[in-house]
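Chemist: First to last, the sequence lines map onto chains A and B.
Under the numbering used here, the first residue of the first sequence carries the number 8, and numbering increases by one thereafter.
Under the numbering used here, the first residue of the second sequence carries the number 8, and numbering increases by one thereafter.
Honestly, I wouldn't trust all of these hints.
Any copy will do: because identical chains look the same in the list, a pair fits if it lies in one copy or spans two.
[What the hints assert, rightly or not] Using 20 Å as the maximum straight-line C-alpha spacing, the simulated EDC-like pairs for lysine to aspartate or glutamate come out as follows:
# : residue 1 : residue 2
1 : Lys66     : Glu110
2 : Lys183    : Asp310
3 : Lys171    : Glu316
Simulated from the structure, these hints should not be mistaken for lab results.
Here are the chains, one letter per residue:
There are 2 protein chains.
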Amino acid sequence: MQIFLPTGQAIEALPDESLLTSLRRSKVYLVSSCGGKGTCGKCRVRVTQGSVNVLSSNKVSERLKAEGYSLACQTVPLGDVHIEIPQESRLTIGDKIAVGRAEDLAELVRTLNVTVSPLAKRLTLSVPPPTLDDSISDLERIKRTVTSCCLEAGNMHVRYHVLKEMSGALRRQNWKVTVTLGTGEVPELLSVRAGTHDGEGYGVAVDIGTTTVVVYLVDMATGRLVDVGSTYNSQMQFGDDVINRIVHATEHGRLSQLMKLVHSDVNDLLEPLLDRHDITPDDVDSMVIAGNTTMTQLFYGLDPQYIREEPYIPSANRYPEIHAGQLGLRVNSGAPVYTVPCVASYVGGDIVAGVLASGMGRRESFSLFLDIGTNGEIALGNSEMLMTAACSAGPCFEGSGIRHGMRATEGAIEAVEFAPETFEPVLKVVGNVKPIGICGSGMIDAIGDMFLKGIIDQRGKLQAVSPRIRDGEEGKEIVLYDSDDQTIVLTEPDIENVVRAKAAIHAGCAVLLREMGFTMDMVDKVFIAGGFGNYLNVEKAILLGMLPDVDRGKFVFLGNTSVAGSYLCLLSADMRREAEEIAARMTYLELSVSNSFMDEYMSALFLPHTDISRYPSVQKRMPGNG
Amino acid sequence: MQIFLPTGQAIEALPDESLLTSLRRSKVYLVSSCGGKGTCGKCRVRVTQGSVNVLSSNKVSERLKAEGYSLACQTVPLGDVHIEIPQESRLTIGDKIAVGRAEDLAELVRTLNVTVSPLAKRLTLSVPPPTLDDSISDLERIKRTVTSCCLEAGNMHVRYHVLKEMSGALRRQNWKVTVTLGTGEVPELLSVRAGTHDGEGYGVAVDIGTTTVVVYLVDMATGRLVDVGSTYNSQMQFGDDVINRIVHATEHGRLSQLMKLVHSDVNDLLEPLLDRHDITPDDVDSMVIAGNTTMTQLFYGLDPQYIREEPYIPSANRYPEIHAGQLGLRVNSGAPVYTVPCVASYVGGDIVAGVLASGMGRRESFSLFLDIGTNGEIALGNSEMLMTAACSAGPCFEGSGIRHGMRATEGAIEAVEFAPETFEPVLKVVGNVKPIGICGSGMIDAIGDMFLKGIIDQRGKLQAVSPRIRDGEEGKEIVLYDSDDQTIVLTEPDIENVVRAKAAIHAGCAVLLREMGFTMDMVDKVFIAGGFGNYLNVEKAILLGMLPDVDRGKFVFLGNTSVAGSYLCLLSADMRREAEEIAARMTYLELSVSNSFMDEYMSALFLPHTDISRYPSVQKRMPGNG
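Excised from the complex, chain A in its bound form (with noise of 0.2 Å):
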């Protein structure tokens, strides 16, 4: 049996195999929320010729469904069909998902004054041939060349598999090999080669996010950034968030599958930038990675079980030195792995690399750290104390959980804004096309567009100002668009969603400042972290009681930090020392079992606060008071 899309391209489908599974296979990958569970509604498909069997309609109108629209989870072929694919049902990588410019990059590491300091060390040495009165074995005469030449090398520790390559590495180009030393407290041989490979050879960081995986290939000589790839965590077809990743290796057992759809993700992004600048695996010397704990933990492959059990305990936070060769990474299999240190199970590698991307834990003065990805992360402190804490704001901003919610790729709406009177709303798009979603930075300047304008209440409920306000199938809703072929519209749920996301962030903030004993005008700066903090109208988020209301010259808008603070310990032994202090001196505070996080949740799901002093600019912004 044989999919075929409108390409030409024909998929192999095997009996009782979901459309969704069987594209999946090839890498066609359909947004889907739910992971296939036929409940997000997210990944429609249009059947145009052949006989399938629809398990569930569920989320599909009557009209689409007349059509020939069905979700792919739930759409079994009985033979060869042809189907279409919408592009909002599409998962694409977002031009517009921020990757990292080498001269932010350049600015960044002049900034915190790092100097380049690899894991590995890159050595060319001409060997001395054996005779028969210098007979010394190849490893001896190895470690000889290298404390003539370079250091001591007495005690250096050497890598099994280096034994097996070494002596033949060593003849093979007339005793010229190019060695790589970790340089760790004792040296170690990680690698020999034949030949002379001039230069300090290449490095990757990595960022592995719950949502998309990116990687830096850097030039250890200068610390250049090279190139940089990014593709979805294959992951994703096992659901969205971390829990379910979570449910999906522990209750299925398919713990090591979920470590080699990682690896291969990171394998087939690093291939076409090695091959675009003629650069050999072997040449690729360290690496270091950054995920949340989640993320860290599947990577190598660990139980992430207990993660998800109170009270919430990650097999480690302090990874040892792991090596290429022993995950199957396509490098130089003894390039040292290096992970970013995690803080707790809700507080990953990746915020620690943004504390330390951020520059906070230098400062004395205090800083607010705000990651809202998939999750939400907060720290909080400064040079002297840094605190920090999860505050499950769930992911709708990146459209899940959201009727027509979804990335900021081409198509989707990143800003609503509505007339005065008539209430229309004008929309941009992504990519200047017809509008076919709705994402993370669209919802939140719609919604607090609409609380400005008094279309939603301080509760978010849709007033009947507009005939754009009308009952829809979960309540009532409001259209932004409407086309012959498309509508697009936020529903009351939308907005509960929304509200609820914006009201753990505030809540997360709050309870930190309290715990700290602090208020939030003593925050000097505000960092946003995350894709799509690079996309946010602070007004609007402001508005909604999403961030705090201070001095909008407190914001700064920082991107990736996690692929960035990975960049960074790739670079440096300072750094890497620095992430570990920021790891060991955070502490974490667990919001799930806390009261006044509840209390402060409960408070924030008012537009903006139920507290409208905490938020003062709003104040006298809002209807009654302009």
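Fit chain B to the known structure of chain A by using the hints.
Modeler: Showing chain B alone in chain A's frame:
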């Protein structure tokens, strides 16, 4: 196709496969000194039923051919066959292979004043379970518990595989675990197992001989020898000596096959030993191996090619610590495997282990150490200086290259005395059974006595003093035993082989002495190691000029010192340091390119020696001086 044995055992035969190969696959091992090339004539079998294709009948007499005998390596079945394997063709471990006794080892430990300090230390921990207020990671929790009970573990190294097993192990038996720590400079977490496993666990000392593999199972609490196992090295099927193994590994590209064979041998030996004493493989926390340089490299899968090519360079002499799990050895996967260091391509860890066990490296007075096994290695020195050499004696004392040569197993003639006038031989046979061949000590005994009685001259040529001396296929031979179904002879080529071997040993000793500016009378002890050493008639060996003509009280027989030294290193860090110090200060002399060795060798091709004054006691007993 099947091969049926008289026992009823049926063995699968593949098309075009020799009987030898089919039997090997089913672990029925035949003597095959030439590795199946059809040249040694030892793998004789008798086909009693079925048709076969015999490729070559080299070394099979017409009479035996007529009875259905052929070489298993040259015989290919054309259908089902029934065969008989004569006793002399079977490779079996003789009872007489010295494997050590617990009392002897205990005595050795006392003599050398060894304190037990293993490679790995076992701790049973009751880890305080995590709570919301104490939510550090599993790894940090283990480190904290180790630090609080035993030793500072903050910087403890952690093996990757431990990360994977740790979280499950902690929870499986209510936070009671047994951890194993490496006892190097920096503590290392080697394994974490659920539950409390009291005691210090077990260790395994291994001697990887070219011919045999011996394992000692040791209780690490007391250092007591629990049990012993030995088997033939399965690599034997690719030839008797290291050169054939190297050829197989390099020319045939079967390095990994050879490695796996010896790992299987160790696993197969351990399995019944552990079963018998109700010990789980996980309870074996450490291992030491000793072997000659080639055996050591093959054990780790390191290409031995350069050992064989001038200037004879091993990959390594001192090995890094490798873990059992990296090798597929069925003990605790975190168990460190320590390698007794080697000195040079032809003086390996077996000799370092031997020198260690002999204690000669500690003595002020000078000792000579001889290990006459498959090869012949010599060491000379004291606590100040040590010198060593390999003298390529060849495996003739193990029966290789000798018409009716065999190992010292049941049926081997181990002593021969000729009656003064009739020259009728009186034989002593291992197991007091019908003789089927002659072993090394039997040959030395026979040749020594023949020389003393004038049956051979100084050049080893047979004299026509008895009808037992006759013309055979390869020149003159003397009939030692003759019955209806078995004739055992020593041929002039056999005698030449033995003379060449003893000449090599003598020459090696002479050159070492000269290099050190010594004479034999300055040597205080002559340590004789090797399975062979146990059954050597010293008087006859001196008559032959194989052993030096010194005070008989100076000879000390040590048995298998390779496994004894391996055992000492398993027991104690001091012993491991001493082994390393011995290996480091041993000066290796390459005899194969030494002119003075060739001169000495040529002079020693006489019995006992061209310069009879070197053998005063023999001179007195010689014909004409009697």
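Chemist: Hints first: check each against the structure and report whether it holds.
Modeler: Status of the hints after comparison with the structure:
1. Lys66 / Glu110: neither (45 Å within a copy, 81 Å between copies)
2. Lys183 / Asp310: between (44 Å within a copy, 19 Å between copies)
3. Lys171 / Glu316: between (43 Å within a copy, 18 Å between copies)
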